[in-house]
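Q: Sequence:
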Amino acid sequence: MYIELFLLDNLVMDCLMLRIAAVLGAGRLPARRMLLASALGACGAWVALFFPPLVSLPGKAVSGLLFALAFPAKSLREYGHAAAAVFAAAFLTGGLVFALALCFDGGMRGGVVLASLPVRTALYAALAAAFLPNLIRRLRARRARAGIHTVVMLCAAGREYRLDALTDTGNALVEPLSGKPVIVAYLPELAEYAHIPIPTVTAGGTGILYALRPERLSINGREGEALLALSSVPLHGTEALLPPELAERTELGG
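The sequence shown begins at 1 in our numbering and counts up by one.
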């Protein structure tokens, strides 16, 4: 029965680590890929019991790089972000487990954390860990809604633009047909290319903004999908207004 518990414990911890890595910026992780990577990680932990070099620092570094492959990456840069997030999540979850082990006369033996936790304590720890990813998401979403400036890179009408955007909690604009979010910017040179009507409702009444579909769009280095609506007047204090939905989705990796 011991080996089943050992594998289950490692499977759960690996799933938690990958979820936290996704929240920290590694990107969206499909459930099947997370479970497969976690299962392989649990099996690897079992093999490491018979081959001590696998739990050495280089071995753990290689394991982290392999875990990063669970996240779909389109470029080496995206893989690097995923690897950094995986290592950060591993330090976070590993640190919590090690701290609990020390509180209950445990420690590190042969590269493995050993401790005898009371069942109630283990359940409380698991419950707290289950809410940790959502807590990180909320903190990052609150940071986005607080008005943090974001870098928007887009290509439209053959021109490249770099805009310093501000998350606008009042920007709930969407394209009526597709439901895609809408970024607002003052770029009068693109007016002739904007033909998609976007209904607006403000304190002064209703109106229409005209938008276009950028050829490429990225927010803080992450690709996104949105329309670009053109303001008829310059914006104050920023070059573009980002809807909270798009800012949060980008902050959370997906």
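Calculated from the structure, these hints are not laboratory results.
Some clues are possibly wrong.
[As the list claims (entries may be wrong)] Calculated cross-link-like contacts (lysine to aspartate or glutamate; reagent style EDC-like; alpha-carbon spacing at most 16 Å):
| # | residue 1 | residue 2 |
| --- | --- | --- |
| 1 | Lys-180 | Glu-223 |
| 2 | Lys-74 | Glu-189 |
| 3 | Lys-180 | Glu-215 |
[Unchecked claim] Distance windows between CB atoms, simulated:
| # | residue 1 | residue 2 | range |
| --- | --- | --- | --- |
| 4 | Glu-225 | Thr-169 | 17 to 25 Å |
| 5 | Ala-61 | Glu-215 | 17 to 25 Å |
| 6 | Ala-191 | Leu-65 | 20 to 28 Å |
| 7 | Trp-46 | Pro-197 | 55 to 63 Å |
| 8 | Val-62 | Ile-208 | 50 to 58 Å |
| 9 | Leu-36 | Pro-188 | 32 to 40 Å |
| 10 | Val-62 | Ala-191 | 47 to 55 Å |
| 11 | Val-62 | Glu-160 | 34 to 42 Å |
| 12 | Asp-9 | Ser-178 | 26 to 34 Å |
| 13 | Arg-159 | Gly-237 | 44 to 52 Å |
Quick reminder that beta carbons are idealized off the backbone N, C-alpha and C, glycines included.
Q: Determine for every hint whether it applies to the structure shown.
A: We went through each hint and held it up to the structure:
no.: 1; hint: Lys-180 to Glu-223; result: 14 Å, holds
no.: 2; hint: Lys-74 to Glu-189; result: 32 Å, violated
no.: 3; hint: Lys-180 to Glu-215; result: 15 Å, holds
no.: 4; hint: Glu-225 to Thr-169: 17 to 25 Å; result: 21 Å, holds
no.: 5; hint: Ala-61 to Glu-215: 17 to 25 Å; result: 39 Å, violated
no.: 6; hint: Ala-191 to Leu-65: 20 to 28 Å; result: 48 Å, violated
no.: 7; hint: Trp-46 to Pro-197: 55 to 63 Å; result: 60 Å, holds
no.: 8; hint: Val-62 to Ile-208: 50 to 58 Å; result: 56 Å, holds
no.: 9; hint: Leu-36 to Pro-188: 32 to 40 Å; result: 50 Å, violated
no.: 10; hint: Val-62 to Ala-191: 47 to 55 Å; result: 54 Å, holds
no.: 11; hint: Val-62 to Glu-160: 34 to 42 Å; result: 39 Å, holds
no.: 12; hint: Asp-9 to Ser-178: 26 to 34 Å; result: 44 Å, violated
no.: 13; hint: Arg-159 to Gly-237: 44 to 52 Å; result: 24 Å, violated
Checked against the numbered hints given earlier, the structure breaks hints 2, 5, 6, 9, 12 and 13 and satisfies all the rest.
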